[in-house]
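Student: Below, each chain spelled out in residue letters.
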Amino acid sequence: MSMADDTTAHVEGEPRFDGSTPRASWPLYEVFVRGKRGLNHVHVGSLHAPDDTMALHNARNLYTRRNEGVSIWVVRGDAITASSPDEKDPFFAPSGDKVYRHPTFYEIPDDVPHL
Amino acid sequence: MTVTEDETRDLEADFERTVAAEGRIEPRDWMPEGYRRTLIRQIAQHAHSEIIGMQPEGNWILRAPSLRRKAILLAKVQDEAGHGLYLYSATETLGVDRAELTEKLIDAKQKYSSIFNYPTLTFADIGVIGWLVDGAAICNQVPLCRSSYGPYARAMVRICKEESFHQRQGFELLRTLMAGTDAQRAMVQDAVDRWWWPSLMMFGPADGDSPNTQQSMAWRIKRHTNDELRQRYVDMTVPQAAALGVTLPDPELRWNEERQAHDFGAIDWDEFAQVVKGAGPCNAQRLANRRAAHEEGQWVRDAAAAYAAKQARRTEGAAA
Amino acid sequence: MHSHDETDDENVYDALATADDDGRWAFGTGFDAGTAEIDAPVPDGVDRDDLATYCLMLADDALVASQRLSGWTTKAPELEEEVALANIALDLLGQARVLLARAGHLGAAEPYRGERSDGKGGCAGPQDDEDVLAYFRDDRAFRNVTLVETDLGDFAQTVAWLLVLASWRLALLRRLTGSRDPVLAAVAGKAVKELTYHRDYAAQWVLRLGDGTALSHARMQAGLEAVWPFVEELFTAHAVERRLVDAGVAVDPTELRWEVDAVLDQVLPAATLTRPERPAVGLVGGRGGRDGVHTEALGLVLAVMQSLARAHPEATW
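Taken in order, these protein sequences are the chains called A, B and C. Under UniProt numbering, the very last position in the first sequence is 115; numbers go up by exactly one each time. Under UniProt numbering, the very last position in the second sequence is 320; numbers go up by exactly one each time. Under UniProt numbering, the very last position in the third sequence is 317; numbers go up by exactly one each time.
Derived by calculation from the structure, the hints in this document are not laboratory data. Note that CB positions come from ideal geometry on N, CA and C, so glycine has one too. Certain hints may be false.
[Claimed, not checked] Just so you have them, the derived chain B footprint on chain A, three or more residues with Cβ under 8 angstroms:
#, segment
1, 44 to 51
2, 98 to 108
[What the hints assert, rightly or not] Computed cross-link-like contacts, DSSO-like style, restricted to lysine-lysine with a CA-CA straight-line distance of at most 30 angstroms:
#, chain 1, residue 1, chain 2, residue 2
3, A, Lys-98, B, Lys-104
4, C, Lys-193, B, Lys-161
5, B, Lys-104, B, Lys-277
6, C, Lys-193, A, Lys-36
7, A, Lys-98, B, Lys-310
8, B, Lys-161, C, Lys-190
9, A, Lys-98, A, Lys-88
The shape of chain A in the complex, shown without the other chains (with noise of 0.2 angstroms):
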């Protein structure tokens, strides 16, 4: 397959985006699923999608192997409020909090690897 390095007269030039969005990562999404009928919907994981529509797209993919009759929710992570007493860090308030910690919290240092 030949892959995006099309050459197509009517984009060169163009810049790689068009500016006006931040050149981000998709926002994180949670994900809850429901095995089957008469269960609670259970959180499974988190990933990454553009928006709603997507992310219970790439839920249904990944999570549930697109499973039928499986019910999914899908909520942008920033927008759960948290509240966990038993789990102690002064980073977090002890209630009406991030569920963790937000992605970009934690600079990584270019660390020598050891494997």
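Fit chains B and C to the given chain A structure using the hints.
Tutor: Only chains B and C this time, still in chain A's reference frame:
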């Protein structure tokens, strides 16, 4: 937020107690910086390995010699993308962004398992990767299902289930080839000859040369030393090789009655160091492919983000 | 040593190694193709060879499309799309396998077994019909529409291709659920759900790329233009199709145009794209993909796909 020294001591004591009691550390818990950094490095390396590991197997998807094998291989490589995603998810609960980890990978600032820097030269390599490489990965990973960090442990439970399926698929392919033509049997032995030693290297340096192991074990991030896991892998694999009818390429490999374990020959740590350093057979190719996919996908990711922003503005406009 | 840990680990491992939970594998259950009644009798009044040829047409569309999509593996613009594209490729491969098995049951694989009359090497082992047909047939015997064999270009062209292909195939197979051939009806019944998903996935991306950035808009329009010359063939009926339409087995492709148009008329304006006005690609003496007259691309696709299987004509895998 400032935290007094006393508070930090209390938090540290809580952390130590939880870990010592085989409890799980969850994302909002306080954790020592070293613990966080070690976890990020280990989980990211693992995630990178899944993603880079798609390449050697992906090399044969278009040429898989039966439609059933093609379906199995495609599904397996897809699983690896899924595993990478589960693991990147786990790192994000530690406050690090996937995009940042991807940058580190393609800038060669973070590592992935060296095994994926070896080429897949025949279709038998697909079976041997399933049997030996996934087999070694399972030895490494099953204990991680009880890792002290909750999100990592949960991701590993999912991953281990799928890996064991992959290993069985690999073994089944090899059994079929060994029951096939002379050319197919020769293909299997050749693949075993090439992958056996690299698979032993997957467990990392010998214990004496693995400075971080003790701390990782104390934190219950790792559960066993590299050499313990390597020994377990050898002991598990030898009878499987016999059942298959292939020879493991190590003249010193034999059962030691006294140790109740197999002795095996010396690993070529110079080769390992070369590959880790970036000078393995496929390092440059693997990273270049990953970098190309990421960079050539940028305009797509930008477009989706731009569309989402426009839609959000439209919704706001409609509401106002 | 940590004997306590070890015991626990072994238990975990044992459970993993022995658990018979293949059912949880969306694809783990699908590797052995065709439990559908492949051997159902040919419906009354239907020509056996025609039916076999029709199965090959629909099978080859899916097989070659799947092969093309698989080429995206490890190259997708984001990891989530790796998973999505592989899903679609797997669905299409699954459809192809059942249809090839049906064609094989109707005798389509026999010319490719053993000594071939044209002197070319046939398959010399006990391969399944699906593999004989996929790996030992030459490009001139493939009956797919040429759209599926085209180079997929960039991601924009790929989603344009997929939108057209999935919309068309969905319209076709939805009608095929009423076929008098029980195998075709069964394949279609399962495929409708899959294709609905493929179409939606493609439409979502056409929307985002068309109405995303200036660059993505330009590439999306260019992708659509590249695919367009191969669209007309989708609505052209082959003689075999026409005979089988009369027999209540096949779908008349000329009837599908309005449904595909309806999808495009909805998606393209929403994506700020213009419907291309490019002429259909020319035919060779009036013959196209359904007649086995393809573009130059198919030979290369098959050369790669068939290379290993043909190097070992007596081997099974």
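Student: Look at each hint and say if it fits the structure.
Tutor: Going through the hints against the structure:
no. : hint                     : result
1   : 44 to 51                 : holds (count 6)
2   : 98 to 108                : holds (count 9)
3   : A:Lys-98 with B:Lys-104  : holds (26 angstroms)
4   : C:Lys-193 with B:Lys-161 : holds (28 angstroms)
5   : B:Lys-104 with B:Lys-277 : holds (15 angstroms)
6   : C:Lys-193 with A:Lys-36  : holds (19 angstroms)
7   : A:Lys-98 with B:Lys-310  : holds (26 angstroms)
8   : B:Lys-161 with C:Lys-190 : holds (28 angstroms)
9   : A:Lys-98 with A:Lys-88   : holds (13 angstroms)
In summary, the structure agrees with every hint in the numbered list given earlier.
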